[in-house]
Each structure stands twice: as C-alpha cells, then as structure tokens.
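S.K.: Below are the chains, spelled out letter by letter.
Number of protein chains: 2
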Amino acid sequence: MIKMVLIGTGNVANHLYKAFEATKDVSIIQVFGRSNKSLKSFSKNTETCSSISELKDADVYIIAISDDAITSFTQKLPFKNRLVVHTSGTVAMNVLSEKNRKGVFYPLQTFTKDREISFSQIPICIESEEASDLQILHNIGKAISKKVVEINSEERKKLHVSAVIVNNFVNHLYYIGSDLLEKNNLSFDLLKPLIFETALKLESHEPKEAQTGPAKRNDKKTIENHLNQLNNNAFKELYIQLTKSIIDSHGEKL
Amino acid sequence: MIKMVLIGTGNVANHLYKAFEATKDVSIIQVFGRSNKSLKSFSKNTETCSSISELKDADVYIIAISDDAITSFTQKLPFKNRLVVHTSGTVAMNVLSEKNRKGVFYPLQTFTKDREISFSQIPICIESEEASDLQILHNIGKAISKKVVEINSEERKKLHVSAVIVNNFVNHLYYIGSDLLEKNNLSFDLLKPLIFETALKLESHEPKEAQTGPAKRNDKKTIENHLNQLNNNAFKELYIQLTKSIIDSHGEKL
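Residue numbers (this note's numbering), protein chains in the order written: chain A, 6 to 259; chain B, 6 to 259.
Note that these hints are calculated values from the structure, not bench results.
It does not matter which identical chain is meant; a pair holds if it fits inside one copy or across any two.
No farther apart than 27 angstroms at their CA atoms in a straight line, the calculated lysine-lysine pairs in the DSSO-like style are these: (1) Lys197 with Lys162; (2) Lys8 with Lys81; (3) Lys188 with Lys225; (4) Lys249 with Lys221; (5) Lys147 with Lys197; (6) Lys162 with Lys241; (7) Lys29 with Lys8; (8) Lys151 with Lys118; (9) Lys163 with Lys213; (10) Lys61 with Lys45; (11) Lys221 with Lys162; (12) Lys23 with Lys206; (13) Lys163 with Lys226.
Put together the whole structure using the sequences plus the hints.
M.R.: Have a look at this one:
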C-alpha cells in the first residue's frame with residue numbers, strides 16, 4: 006500500500022482524490038488545503054490539514070495547486086528527501102525544490118466540477134529524477150489508469166500546446182458555431198451529433214484523412230457564401246485563416 | 006408505405022440507403038446511378054437503373070449527388086409534378102427544376118465510407134414548397150430519426166456554416182495537434198481521451214461556460230511559451246488569432 010498526501014483542493018485535486026479513494030493500492034492519508042472551508046468535502050473520510058508543519062510522513066506528495074504557486078510551496082516544505090511531484094502540464098520538473106526528490110504526475114485530461122470522469126483511459130504522464138521513483142509513480146498511475154507513459158519535461162511542453170489546441174481552441178470553435186445559431190434562433194443541439202461524430206471518427210481515421218469540406222476541396226463558391234453569412238468580423242477573419250491553413254496543409258494552392 | 010427512388014451512389018446515398026432499408030414505412034423501389042459499377046452494391050437487393058428514362062413512379066425522389074450537379078439533373082427529369090428533394094446543406098431549395106414539387110431532406114451529419122452511423126440522433130432538416138409535401142418528408146424523416154426539424158433555406162445556410170466550423174475546422178485543429186505530436190515522436194492517442202471529453206462535455210455545459218485555458222485567463226506567460234513551441238509559422242499565426250478571439254469573446258482585453 007502506497008501512502009499518499011494530496012496537496013490542493015481544486016478541480017484536479019478533487020478528481021484525483023475520488024479516483025485514488027476507489028483503489029486498493031494507494032491510500033490517501035492526508036489532504037492539505039489553505040482553509041478548513043476548502044477541505045470540508047475531504048474531511049469526512051480523510052485526515053486534513055492547513056498547516057505545512059502538520060504534513061504526515063508519506064511515500065509520495067501529489068501537488069495539485071495552481072501552476073504559479075508550485076515552486077514556492079515546495080520551498081516551504083519542512084522535510085527533505087521525500088518524493089514530491091506536481092500534476093501540471095506546463096511546469097518543468099526542475100522548478101520543484103531541490104530539498105526533495107522531484108517528479109511529475111500529469112493526467113492529460115480536462116477536469117470539470119460536478120462532471121464525473123473515468124480515469125481508466127486517461128493518459129498519466131510521469132517523470133522523475135530517480136529511476137526508483139519512476140517505479141512508484143508508475144504504480145500509482147496504474148492504480149487508476151490503463152495508460153501510464155513516461156514523458157519528459159520537453160515532451161510535456163509539446164503535449165500541453167497540443168492539448169490547448171484540441172481542447173481550448175476546439176471548444177472556442179464550438180462557441181462560434183453556437184453563437185451563430187443562437188443569433189439566428191436555431192438550437193445548438195442540432196450540431197451536437199455532428200460534433201460527437203467528428204471527435205469519435207478519430208477512433209478509426211487519422212485527422213489528415215478525415216478532413217473534408219469546402220476548404221479541403223478549395224471550393225471558392227461555398228467559401229465565399231459562408232463568408233457572407235458571418236457578420237462578426239473576428240469570426241470572419243478566423244474562417245479565412247482556418248480555410249487557408251487547411252488548403253496549405255493539404256497541398257493545394259489558393 | 007412510402008415509395009422512394011434514391012438518386013446517387015456516393016457516401017450520403019449509401020448511408021441513406023442502409024437507413025431506409027432497415028425501416029418498415031419507407032420502401033426504396035429503385036436506385037439511380039451513372040454507371041453499373043457504382044450501382045453494384047445496391048443491385049443485390051434493389052432494382053437499379055442508370056438511365057433517367059427508366060425511373061419508376063414514386064412518392065418521393067431523394068437526390069444525393071454532388072451539389073453542382075443537382076440543378077441540371079432535375080431539369081432532365083422526364084416527369085412532372087412529383088416530389089423531388091435534395092439532401093444538400095448548401096444548395097437552396099429553389100434551384101430545383103420548376104417542373105416538379107420541390108423539397109429538401111438534409112441529414113446534418115458527416116458521413117464516412119466504411120463507418121457505421123446511427124441515424125436515430127441525426128437531425129433531419131426538411132423544407133418543402135407545399136404543406137402536404139412537408140408531411141411526407143416528416144414521415145420519411147421520422148422513419149429513420151427521432152429529430153426531424155423544419156428548416157428553411159436561409160436557416161440552412163447558417164447551419165451549414167456552423168457545421169463547417171465545428172466539423173471541418175475542428176478536425177483541422179485535431180490535425181495540427183497530431184502533426185505537432187508526430188514531429189516530436191509522441192503518439193496522437195495521448196490526446197484522444199481529451200478530445201472525446203471536450204466534445205462530450207457539451208452534453209452538460211454550454212461552450213461559453215466550458216471555455217478554459219491560457220487564452221481565457223489571458224495568461225501571457227503560457228501563451229508566450231506555447232508560441233515558442235510552434236515551429237510552423239501558419240500554425241503560430243492561427244494560435245495567435247484563436248487566442249485573440251477567445252480573449253475578445255470572453256470580454257477581457259489584451
């Protein structure tokens with residue numbers, strides 16, 4: 006049984022807590038948070054604390070707090086030579102304090118409050134300074150997910166940019182679609198089956214071969230018609246840029 | 006029993022054929038195609054023809070051919086005053102020949118060869134000149150889908166732009182993500198759970214409230230780091246445009 010202390014009470018901390026609570030191989034022996042209020046949902050089943058001097062001895066400390074606070078938090082830790090890992094996609098491993106053994110435990114997923122999520126398919130990206138620590142991270146990763154992968158800090162940067170593109174940017178395109186429909190009294194529900202199929206098609210098709218549409222065909226007439234439908238100049242500009250990028254990516258010229 | 010003739014042998018025609026073949030209320034009495042080769046997969050179970058003079062009498066003719074060919078095809082039809090509908094998102098109803106009763110039967114979905122799709126959740130957007138024809142289109146729509154909606158040609162234009170945005174443009178962002186990972190020897194599979202969750206989150210959250218990420222937070226440090234990760238100038242330009250659009254849409258200023 007691996008003894009874990011969870012640092013943080015936000016979205017990621019909440020989801021990790023629920024996932025580890027359901028496993029046999031990992032025991033969360035303590036949750037640390039800045040206030041009793043934030044710790045309330047954890048304190049029913051687990052010991053909690055809001056002072057770093059009260060942190061218990063554990064095999065691993067998982068830090069799930071905001072990116073900017075990670076370094077300073079690890080510098081304040083009152084112990085040394087223990088395994089301390091963060092869960093961020095953007096923060097390099099080496100910003101963790103030198104006092105303790107460093108590592109990263111990054112679940113590559115978007116976590117939403119009040120939305121249940123199954124960890125079993127979520128890639129857990131792990132990194133550590135010492136090989137023996139990698140084994141510990143591998144074991145706790147395997148306790149909640151089928152996909153545990155070793156990813157170094159440089160690779161994690163690329164992953165995070167890609168994640169922003171396929172999550173944040175894609176969601177913004179959903180918003181642009183919903184905005185256009187709403188302004189014309191049409192329900193966004195009409196687009197949802199198309200949205201789901203566009204994503205699920207990746208199970209069987211690479212994005213490059215799945216590409217269709219007026220930009221792929223360089224169908225200037227339809228592109229022109231579409232631009233006339235868009236009243237918002239910023240969205241019109243995005244339409245032009247994305248169309249150009251699709252044409253360029255598929256080897257045809259404007 | 007509604008007697009239907011299906012015009013076309015491509016992707017949409019294939020998917021409609023399979024969907025209607027499985028219903029009790031609609032009978033495809035004939036499939037029309039340009040060549041015997043293209044009709045081969047239909048001819049086992051259904052009468053086929055490749056000459057318009059051989060078209061049989063039917064309650065409705067469903068045209069699933071390329072957009073550019075629709076008008077001229079309907080002008081060549083050797084009969085009049087029958088219900089002739091197209092299945093296109095971009096073509097107005099009134100481009101159909103005046104000789105016959107006009108209508109549209111547009112299934113709002115992306116259809117891929119060799120990919121099974123369930124029609125039951127696909128919105129079927131119908132339009133007709135005559136009210137009695139709308140009832141026929143409603144009935145054949147209901148035979149394959151739970152969502153049949155009346156959408157006029159102007160509304161359909163808006164729907165189609167939105168569909169291009171959430172399907173073609175989103176898929177292009179998937180491609181950009183996959184390209185970035187591939188160039189760094191990372192598997193695109195790592196991003197798939199995130200992609201699926203980003204889409205499925207729309208079941209419970211509006212796109213506007215689901216928006217997260219560095220652009221939403223106007224986190225200049227992370228945005229700068231991400232731009233340094235992108236070597237492709239076209240993708241870098243898209244990153245900047247999308248980031249700007251997210252910031253503008255969420256009411257914060259650069």
